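Protein sequence lines, in the order shown, are assigned to chains A and B. Under the working numbering, the final residue of the first sequence carries the number 333; numbering is consecutive throughout. Under the working numbering, the final residue of the second sequence carries the number 1313; numbering is consecutive throughout.
If you are wondering where the hints come from, they were derived from the structure by calculation, not from laboratory data. Some hints could be false.
[Said to hold, decoys possible] List time: in silico DSS-like cross-link candidates among lysine-lysine, alpha-carbon distance up to 30 angstroms:
hint, chain 1, residue 1, chain 2, residue 2
1, B, K1266, A, K188
2, B, K1252, A, K143
3, B, K1266, B, K1006
4, B, K1290, A, K29
5, B, K1252, A, K29
6, B, K1048, A, K188
7, A, K29, B, K1070
These numbers come from a predicted model, not from an experiment.
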Amino acid sequence: MADSSKVLVFRQMDSKVEEGFWARYSSFKLNELGIDDSPLPITGFFKPCSRDGVPETLTLLTESLSSEPSEKYFSFEGGNRNRCPVPGTLYNSNTMESFRALDRGTLLKNEMGKIWNDIMSGKVEEEPNFLLRFLVISYADLKRWRFHYLFAFPAMDLKPPVELLSLHSASKYLNSEETESLSEALNKWRNSSLTSDVSFFLVCITSNSVVTIKLLKDWKDTQSENCKILYGFYDPSNLQTNPGWPLRNFLSFISLRWKVEKICFLCYRESHGLANMELSLVGEALISISQDWNFPQYVPKAVGWETNMRKLAFKHMSLVESMDPTRLAISAA
Amino acid sequence: MVLTQKLHEAFKGTVERITGARTVSAFKEKGVLSVSEFVVAGDNLVSKCPTWSWEAGESNKRKTYLPPNKQYLITRNVPCFKRAISLEEEYEAAGGELLLENDDDDGWLATHGKPKENKCDEEDIPSMDTLEIDNTRAIHSIPTYFGSEKDEDIPDMAGFDDSENLVEEDPATLQQSAYFVAHEPDDDNILRTRTYDISITYDKYYQTPRVWLTGYDESRMPLQPELVLQDVSQDHAHKTVTIEDHPHLPGKHASVHPCKHGAVMKKIIDVLMSRGVEPEVDKYLFLFLKFVASVIPTIEYDYTMDFDLGSTS
């Protein structure tokens, strides 16, 4: 790293779990799973930052755990703009000892491997949200209604790190016609039930400042058109200095799959639920992929456990007040 | 208090089971909403303020009189930068907005305020003694998330070898409280704040919308409902805001009790009509949320942009 000031620094994804998630997991564990501790498919939800001052989170809701978990868990009726679904995996341990003994390195690497395969196989072009796969390890203590858990958002550890050439608010980077056209196109994209939860997309700007938004799978077509491309994503970060975590795997994907080295990206953000071009950012990044990555079967090193002050951010939630039958009986008496 | 509340809930539940939902509009006469008017007003809110959306909720808690995919409205992750308790002093000092009071004692915030007169009903503001949560004690000694009270047996993650908890240095990860990159700005730009999920259900008994608050602390763990009262205007904290079971979500949540909603909405509608504005029922939730803003003044949810309240005759 020659000049550290130019490293592109991503804001980590924040996680949030609603009580309903652990409540549903508890009854599922008690009624169906028993001591079965095999990994469970879950769905997290996020959306672009929509309020200045707070970042958006990857959230687990009651619906994150399908009542009939199956291979098809990742099919949600599209159209809820405030719920972009992201596939995840829950590794619950039956005891505190086995929770502590989990091999976090291997788990993260395995999940990274899935993302890598989805990039290489082209699946990401069909299902872009698969770039955001996450995992949760947990110990659900159902005797005490306590839940201990840790999130990871696997991302490729690029060596050397991505170099940031510039970063501006979108309204500064683009001319006023482009800004207006982009804002209009994005609002349309967000309001269509077909695309509102598709969190990665292509922005094509023609020389006469007309903007259209396209799906990733239309990338090839855009190459023959004479237009400038911005690689856009829903950005949960609210910081003007740092794009959010989803950009990290997106840049790797663009570089690996389409061999683009200098990437112009758009961090899409909203205010009051509408596109905001002052808060949205446009940046230019330079990415160079190590030669190792060309070896078949290679999977790059992963980072991504949720941290706070450089330490793993284990979280604890208690549902004693709302779940414990004894307490409920007392409060109802 | 608790007993009467429970008796009332039981009574209300029974009445709700045996009576049909309102189908005839009485919006202008009584300030209430029929079920279909609630859906129309909700659709309008979702389309004008897209941070709100309809939820289907859990299937076993669904109300048959509402469409399955439109059971309640929710907006998540709404910031609350300061406590209403501390804000109130600032309001007073600045002249504040106008609280319209009447004998019934249900205040609402006027759209065009004038400085609040100082005579304001002292006796109506609960004294700190009866308040149970006073500012300092609540913040310092009540644990901010469930279950950490007297909780020696939370398995201590610090029991892990420290080196094991440390994450390998990654120059491309923004550290939440410490930057690795020398030339980055100070960490002050990462602000930690409370957030709220605000939901609106239809209360069949009172025939009005009902607002529920689910709070999260600065580290995004659920707030005890009692702590939510710090973000409620103290005029309301112990009268109209209660902690009850949410009809669609698990657990206890703070809620603005709907017993006066019809009357307050009727008054707002009367004021509008006296100004020559004919209120339209699909704007009901905008008016309603504006009134709710006087109860939760520091929670910055979306309820209005520039819009017409109704047609001007």
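These are the hints, each one checked on the structure:
1. B:K1266 - A:K188: 37 angstroms, violated
2. B:K1252 - A:K143: 20 angstroms, holds
3. B:K1266 - B:K1006: 28 angstroms, holds
4. B:K1290 - A:K29: 43 angstroms, violated
5. B:K1252 - A:K29: With a Cα-Cα distance of about 23 angstroms, the restraint between K1252 of chain B and K29 of chain A holds, given a limit of 30 angstroms.
6. B:K1048 - A:K188: 14 angstroms, holds
7. A:K29 - B:K1070: Distance ~29 angstroms between K29 of chain A and K1070 of chain B Cα, so the pair holds.
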